[in-house]
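Input sequences plus hints: build the corresponding full structure.
Protein chains: 2
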Amino acid sequence: MTTPEDRDDLTTPDRASNTPEDNTQGPSPDAGQQDPNYGMDIHLQPDFVRAIVDAIHADDTDTARALVADLHVADIADLFEVLSSEERRSLARLVADALDPNFLSELEGAAFDDVVKVISPSIIADAVKQLDTDDAVYILEDLNAESQQEVLHALTREDRTALEEGLAFPEDSAGRLMQRHLVAVPEFWSIGQTIDFLRAQEDDQSPNDFYELIVVDPAYRPIGTVPLSRVLSCKRPMRIKDVMNPDPHIMHVTTDQEEVARQFAKYHLISAGVVNDYGRLVGVITVDDIVGVIEDEAQEDILALAGVSEGDVNVSIRDVSRTRFIWLFVNMGTAVLASLVIGLFDATLEAMVALAVLMPIVASMGGNAGTQTMAVAVRALATKELSPANAMRIVNKELIVALINGVGLAIVVGIVGMIWFGDILLSLVLATAMIINMVVAGLSGIMVPMILDRFGVDPAVASSVFVTTITDVVGFFAFLGLAALVLV
Amino acid sequence: MTTPEDRDDLTTPDRASNTPEDNTQGPSPDAGQQDPNYGMDIHLQPDFVRAIVDAIHADDTDTARALVADLHVADIADLFEVLSSEERRSLARLVADALDPNFLSELEGAAFDDVVKVISPSIIADAVKQLDTDDAVYILEDLNAESQQEVLHALTREDRTALEEGLAFPEDSAGRLMQRHLVAVPEFWSIGQTIDFLRAQEDDQSPNDFYELIVVDPAYRPIGTVPLSRVLSCKRPMRIKDVMNPDPHIMHVTTDQEEVARQFAKYHLISAGVVNDYGRLVGVITVDDIVGVIEDEAQEDILALAGVSEGDVNVSIRDVSRTRFIWLFVNMGTAVLASLVIGLFDATLEAMVALAVLMPIVASMGGNAGTQTMAVAVRALATKELSPANAMRIVNKELIVALINGVGLAIVVGIVGMIWFGDILLSLVLATAMIINMVVAGLSGIMVPMILDRFGVDPAVASSVFVTTITDVVGFFAFLGLAALVLV
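One line per chain: the protein sequences are A and B, in this order.
First residue of the first sequence: 1, per this note's numbering; consecutive thereafter.
First residue of the second sequence: 1, per this note's numbering; consecutive thereafter.
Some hints here could point you the wrong way.
Identical chains blur together in the list; that is why a pair holds if it fits in one copy or across any two.
Said to hold, decoys possible - Each computed BS3-like pair below joins lysine-lysine, with the alpha-carbon atoms no more than 27 Å apart:
no.: 1; residue 1: Lys117; residue 2: Lys129
no.: 2; residue 1: Lys129; residue 2: Lys235
no.: 3; residue 1: Lys384; residue 2: Lys129
Rather than coming from a laboratory, the hints here were simulated on the basis of the structure.
What follows is the structure, encoded as structure tokens:
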């Protein structure tokens with residue numbers, strides 16, 4: 001039997017069972033069965049997916065429903081996402097009305113579009129009714145205008161207005177992320193009053209699970225937060241104002257979700273009140289919704305640096321081709337520019353074909369070094385580790401690093417050139433061009449993102465095309481130009 | 001005055017003050033003062049940093065302490081991070097013993113190393129005593145062995161053992177992330193019993209703020225969770241087992257933090273029990289600690305793709321140069337390999353110098369296209385959107401996208417070639433090589449990360465060198481090889 005006293009075991013070494021000594025005994029015989037990851041993500045197992053696909057093709061409603069019956073809504077969403085577009089629609093037709101409608105708020109991109117195409121607006125309306133406002137808004141914002149109206153009309157006037165207000169906030173703003181049902185209490189309440197108030201809430205009035213109370217002043221402006229664990233561990237007569245954390249972190253409805261996420265991460269927030277222009281509390285954002293935002297924002301940066309605007313593997317071939325082509329086309333301009341620089345030296349190249357053989361080394365090493373610095377700069381700007389306060393120091397540092405590595409690589413490439421072509425002068429030209437391009441790469445890797453950021457352009461999206469253009473052009477120009485001067 | 005009924009306003013449109021209509025009135029006159037972001041991150045303002053630096057150089061303890069007095073611990077950490085290494089040490093000497101020792105757990109990398117070098121082990125020991133086990137372990141793991149021992153000896157035997165056990169778990173494992181103080185209750189308890197138990201906890205026994213109770217069976221295995229909001233809103237006689245969420249998500253002590261973070265994000269977890277090999281609950285991980293992990297892991301992927309192992313702008317020049325040089329050196333091998341391929345065709349190049357001018361276009365466009373596909377694949381593998389269940393579908397899709405974009409770019413580059421050199425055969429060779437290299441780029445962009453992942457190598461770290469090697473070699477070989485066959 002577990003008694004309250006048992007929990008103190010956890011820090012009592014002689015009874016806790018995960019001491020280092022225990023580990024040396026290896027897992028117990030039944031460890032396999034207790035592996036907590038066992039059975040996780042089972043929907044991603046090819047066998048399970050195959051069984052689902054078979055049921056879809058056999059149009060076998062019962063089997064399909066039985067297979068998905070015990071899945072978590074997030075797993076159901078993942079299952080839809082691994083299927084092809086047609087399979088998704090067929091599966092939705094077979095099982096949608098038997099599912100917890102919450103799975104809709106877990107679906108992303110193309111999978112969401114496929115599923116809502118075939119399920120009835122009444123199922124979507126049911127989902128929207130049950131969900132927190134932020135999740136409901138997430139579903140609604142992805143519907144086309146017609147379905148959106150259909151769903152909104154199926155709601156009560158009150159729910160509809162709340163959602164319409166949510167949709168009126170800019171995309172990716174705190175207003176879209178926030179949950180409107182919340183619990184706010186005045187600071188002069190006692191713990192006892194607060195608990196009685198919470199117990200008296202009717203189910204449809206109280207928000208889903210929450211973790212902190214927001215303390216408001218008479219004008220309904222947030223002035224503090226109280227973690228629920230503190231409400232539970234304090235005696236009934238204590239006052240809210242004596243246990244609250246003052247100076248709450250507050251978001252404005254229009255604050256960008258990236259900034260909201262940055263503050264949650266930095267200050268380890270569990271929830272934050274959202275206020276309107278008048279400072280009045282209108283909603284609350286909880287950390288579980290922010291986790292997804294942080295993943296999305298970091299993902300966006302990764303993909304943007306690689307020239308991809310959409311990382312969802314489920315986007316249609318047409319959309320993927322189009323968005324990637326635009327980026328490739330822009331880069332083609334860069335590549336042609338680099339070729340024009342080479343073209344300036346065609347006489348030099350004709351005189352010495354070894355230059356053509358070696359020239360890509362200088363350009364490509366510059367590109368690599370520039371990309372390294374750029375990735376660090378883009379992330380440091382996003383996390384605000386790089387700011388006007390330390391910009392000079394960081395630029396100086398990158399310059400020194402570029403010089404050190406430039407000299408190092410120049411020595412290596414000089415030796416390679418000597419061994420290959422046995423030409424000291426050629427090797428010296430190669431080494432000098434390498435140093436020049438590495439320094440230019442380091443400088444442009446740090447300066448380009450900083451300048452873009454200053455002008456309000458997202459450095460993750462635009463930096464790499466500038467940096468590689470600079471390193472290509474400078475790389476070819478320095479190498480071939482020096483060769484034209486010295487060698488030919 | 002705020003009454004409980006007020007909170008229902010939030011969904012009552014006629015009284016909520018953020019209706020779209022309100023927005024059209026523009027901000028209220030005092031909106032500027034109420035801007036919740038106003039004053040945020042003030043430590044990053046150059047003026048503030050300059051004032052701190054001045055105080056450091058003047059060795060002015062009072063001013064320095066006054067300036068940092070009201071900062072949040074996270075802001076203090078950020079302040080240290082924008083300073084130079086010497087300034088950090090001076091500031092730590094001036095203010096460390098007046099600061100909330102929690103700021104230590106907010107410091108990262110080089111800034112942490114600088115600060116702990118100059119503050120006394122007793123301050124560190126004080127911090128460690130006050131912190132959650134996970135934060136204390138975070139501080140200890142970054143200390144050198146000597147300081148670690150010094151700090152551990154300043155602790156009580158019980159605290160010391162708990163931390164030593166924490167340090168015994170692998171780096172980046174759930175065991176390192178978990179908090180050992182937790183509240184677990186048996187399922188047969190009533191809500192009333194639970195509240196009484198929580199109120200009876202002495203301060204030094206109860207964990208810091210927490211958000212869910214973990215329900216355990218008699219063998220202390222987790223069998224459910226109860227959000228505290230549910231404890232607060234239920235009547236005293238209700239039983240824990242009737243309000244708990246069954247089937248809790250459980251982590252094993254050795255589970256990698258990346259997998260822990262993925263499950264938190266996917267299942268919107270607020271906390272998760274951590275068990276040992278025997279399935280016994282030994283700790284709890286809360287979402288506020290996971291937010292940092294998610295940021296770090298995504299950041300790692302971004303930097304790894306760019307060939308950087310350390311994104312901290314505060315790492316020393318020597319360390320930065322060394323780690324980046326290793327990557328550049330590896331890439332130099334790639335570049336030389338590409339040059340060797342070009343070298344095979346020196347006679348061809350000598351016969352037609354236009355080939356040297358155009359050849360980087362084919363290689364660089366292949367590199368760009370390969371990077372696009374690779375970035376998507378690396379992220380999809382990390383989030384498990386790409387799995388054996390849908391691998392074939394995704395590979396086929398990438399192949400089709402590569403073919404479409406290859407043909408598109410081939411037409412563009414063919415026209416460029418015609419305009420520039422007026423040579424149809426040369427343009428056809430260029431266009432054909434482009435199609436070949438784009439298809440190879442698409443295939444290698446998706447296959448290389450998948451193969452690396454299958455063999456347990458982190459695709460984010462190793463993919464790009466393989467992909468660019470392939471696209472360079474194939475690009476030069478296809479273009480110059482075709483030219484040798486057709487043109488010369």
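Using 27 Å as the alpha-carbon threshold, which applies to Lys117 and Lys129: within, between, both, or neither?
within (19 Å within a copy, 56 Å between copies)
How would you label the pair Lys129, Lys235 (within, between, both, or neither) given a Cα cut-off of 27 Å?
between (37 Å within a copy, 26 Å between copies)
Up to 27 Å between alpha-carbons, please classify Lys384 paired with Lys129: within, between, both or neither.
This pair counts as neither: shortest intra-copy Cα distance 39 Å, inter-copy 30 Å.
Consistency with the previously given hints fails for number 3 only.
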